[in-house]
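Residue numbers (this note's numbering), protein chains in the order written: chain Z, 1 to 383; chain X, 1001 to 1127.
Since the hints were made in silico from the structure, they are not lab data.
Wrong hints could be hidden among the right ones.
[Unchecked claim] Pulled from the structure, derived: some chain Z residues nowhere near chain X, Cβ distances all over 10 Å:
no., residue
1, 28
2, 103
3, 117
4, 118
5, 162
6, 304
7, 308
8, 370
9, 378
[To be verified] Using 25 Å as the maximum straight-line C-alpha spacing, the simulated DMTMM-like pairs for lysine to aspartate or glutamate come out as follows:
no., chain 1, residue 1, chain 2, residue 2
10, X, 1083, X, 1108
11, Z, 378, X, 1092
12, Z, 378, X, 1022
13, X, 1099, Z, 109
14, Z, 378, X, 1032
15, X, 1099, Z, 271
16, Z, 371, X, 1119
17, Z, 371, X, 1025
18, X, 1099, Z, 299
19, Z, 371, X, 1074
20, Z, 205, X, 1004
21, Z, 378, X, 1008
The model shown is predicted, which means the values in this text are computed figures rather than measured ones.
Glycine residues also receive a C-beta, built at the ideal position from the N, C-alpha and C atoms.
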Amino acid sequence: MTNFVYLDYAATTPLNPDVAQRMQGAAFANPASNHIAGRQSATEVGRAVAQLGLLLNASSASFVWTSGATESNNLAIMGAARHREHRGKHLVTMRSEHKAVVDVFRSLEKRGFDVTWLDGDSSGFLAADKLRQALRDDTQLVSVMHVNNELGTIQDVAAIGAICRERGIIFHVDGAQAAGKIAVNLSELPVDLYSLTAHKFYGPKGIGALYVADDVIIEPMMFGGGQQRRLRPGTLPVALVAGLGEAAAVAAERLDDDHRLLSKLRERLAEGLLSIDGVSINGPEVGGYAGILNVSVSDIEGESLMLALEPLCVASGSACNSQSKEPSYVLRSLGLSDDAAQSAIRFSLGRLTTMDEIEFAISHYRGAVQKLRLLSPKPQSAA
Amino acid sequence: MSNDPYNEIVREYFTAARHAGEIADSPSGYFEDQGLRLRFTAAIDDERIKSMRFAAWGCPHVIAAAEAVCRYFEGQAVAELDKFPTAQIMVDLAVPVEKTGRILVIEDTVRSLRAAIHDRVASNKQD
Chain Z
1 MTNFVYLDYA
11 ATTPLNPDVA
21 QRMQGAAFAN
31 PASNHIAGRQ
41 SATEVGRAVA
51 QLGLLLNASS
61 ASFVWTSGAT
71 ESNNLAIMGA
81 ARHREHRGKH
91 LVTMRSEHKA
101 VVDVFRSLEK
111 RGFDVTWLDG
121 DSSGFLAADK
131 LRQALRDDTQ
141 LVSVMHVNNE
151 LGTIQDVAAI
161 GAICRERGII
171 FHVDGAQAAG
181 KIAVNLSELP
191 VDLYSLTAHK
201 FYGPKGIGAL
211 YVADDVIIEP
221 MMFGGGQQRR
231 LRPGTLPVAL
241 VAGLGEAAAV
251 AAERLDDDHR
261 LLSKLRERLA
271 EGLLSIDGVS
281 INGPEVGGYA
291 GILNVSVSDI
301 EGESLMLALE
311 PLCVASGSAC
321 NSQSKEPSYV
331 LRSLGLSDDA
341 AQSAIRFSLG
351 RLTTMDEIEF
361 AISHYRGAVQ
371 KLRLLSPKPQ
381 SAA
Chain X
1001 MSNDPYNEIV
1011 REYFTAARHA
1021 GEIADSPSGY
1031 FEDQGLRLRF
1041 TAAIDDERIK
1051 SMRFAAWGCP
1061 HVIAAAEAVC
1071 RYFEGQAVAE
1081 LDKFPTAQIM
1091 VDLAVPVEKT
1101 GRILVIEDTV
1111 RSLRAAIHDR
1121 VASNKQD
């Protein structure tokens, strides 16, 4: 029995039991080995490729296995920028991207690339006109995340990709919060590179993938073997790959059911939290990813709120950033004040979340806010 | 390895801050700085601090430290307010170095309370 209520599914998800079972039974040999055991592993990998291809409706030859979305993002952005740098050094992304994208662009800036950082609107959406205005003759790459990890904003990647296609610009999408959670059709979307990771959709940690469209060439970041079209050398972790494949298969089967469940839970959570004085939603109130709800509350200190919320497991800002006491840069990019940003709490719901947990979360949040308001000094003049 | 930023004392004092509140019509010290707001009030009886309360807007270390301060000074002579136990609080609550400034704000608030008590005593004598 757990002694906490887990509402941090955007940070990571528990391993699905069917996935664990598949991993335990996975072949062990090197799939590059030319013997029976190696071929069994290669078959296992092929099955995972097909399962992921079905989830994302993508050609099965287009995936590169990585250690997770951070590596996929690094490989995609660095690889594309380096491959095309002789044509131009202008790159475009958003300020509200995950650190695994932001820091790659910062690194490229230090290497002489010119990066344009775009802001979204008050809900985090990128306007097509804003993107068009930012593009130049020497722009080589645009990178935008599909579902924002803090806000749940779903970008219109079809529209953004179409603009990039018109101009022959490579379009990378960080799909870490989208793959396995919302419908993604890479055969139809004008996307060149798509990053994902298994542990965000009930697969194992330590395995991710980068989708590379057929006609797209990127430079490798690592060297040492010919595996995976020389883009990511090294012996494949067959059990992890099999786990990702199984998680993709389960996700494909459950996509509609998950969406229905999460929509219902989020609606109740939003209704309950908004009934508390001073609470407001950050990001889209409707039309965002149903598994994420980010709220701020007036005149409450964020760090104390986090402690008062225990045993709720929620996030203050992005999970990777939760040790930092700085207000979330994503929320500040929406124009939130430091006070509003530092009181922000991200609730992220998942397949195992129950309505009882949502009711507990509402009541516990209300109690925490009341407690901290009672502790606060009255204004000086009223003392 | 624990990555819990709060030790047991901080957790206890934050969760059950029995000195939280304000004492009506009593001397009060108030300060706001470093992103926190703090008020101490104290009931004085014969140069001794009969009871002391705090109201705080700040991080868990600040709330726990304010509670610790009330526990420390309650029952002591008013003159003891001049001897703020900064080092002891830092150690007992395992306050991170980057929050030292906040503990100094608490010290300033206690000084402000001491001044308010002094003013109240002087005013009572004049009456």
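Do the hints match the structure? See the list:
1. 28: holds (31 Å)
2. 103: Given that every Cβ of chain X is farther than 10 Å from that of residue 103/Z, nearest at about 22 Å, it holds.
3. 117: holds (27 Å)
4. 118: holds (30 Å)
5. 162: holds (44 Å)
6. 304: The assertion about residue 304/Z is violated, with a minimum of 5 Å to chain X.
7. 308: Since the minimum Cβ distance to chain X is about 8 Å, residue 308/Z lies within 10 Å and the statement is violated.
8. 370: Correct as stated: the minimum Cβ-Cβ distance to chain X is 13 Å, above 10 Å.
9. 378: violated (7 Å)
10. 1083/X x 1108/X: holds (12 Å)
11. 378/Z x 1092/X: Judged against 25 Å, a Cα distance of about 28 Å means the pair is violated.
12. 378/Z x 1022/X: Holds, at roughly 9 Å.
13. 1099/X x 109/Z: Roughly 33 Å separates the two Cα atoms, so the pair is violated.
14. 378/Z x 1032/X: Measuring from Cα to Cα gives roughly 12 Å; hence the hint holds.
15. 1099/X x 271/Z: Between residue 1099/X and residue 271/Z the Cα gap is close to 36 Å, so the pair fails against 25 Å, i.e. violated.
16. 371/Z x 1119/X: violated (32 Å)
17. 371/Z x 1025/X: holds (23 Å)
18. 1099/X x 299/Z: holds (20 Å)
19. 371/Z x 1074/X: With a Cα-Cα distance of about 23 Å, the restraint between residue 371/Z and residue 1074/X holds, given a limit of 25 Å.
20. 205/Z x 1004/X: holds (23 Å)
21. 378/Z x 1008/X: violated (29 Å)
Comparing the model with each earlier hint shows violations of hints 6, 7, 9, 11, 13, 15, 16 and 21; every other hint is respected.
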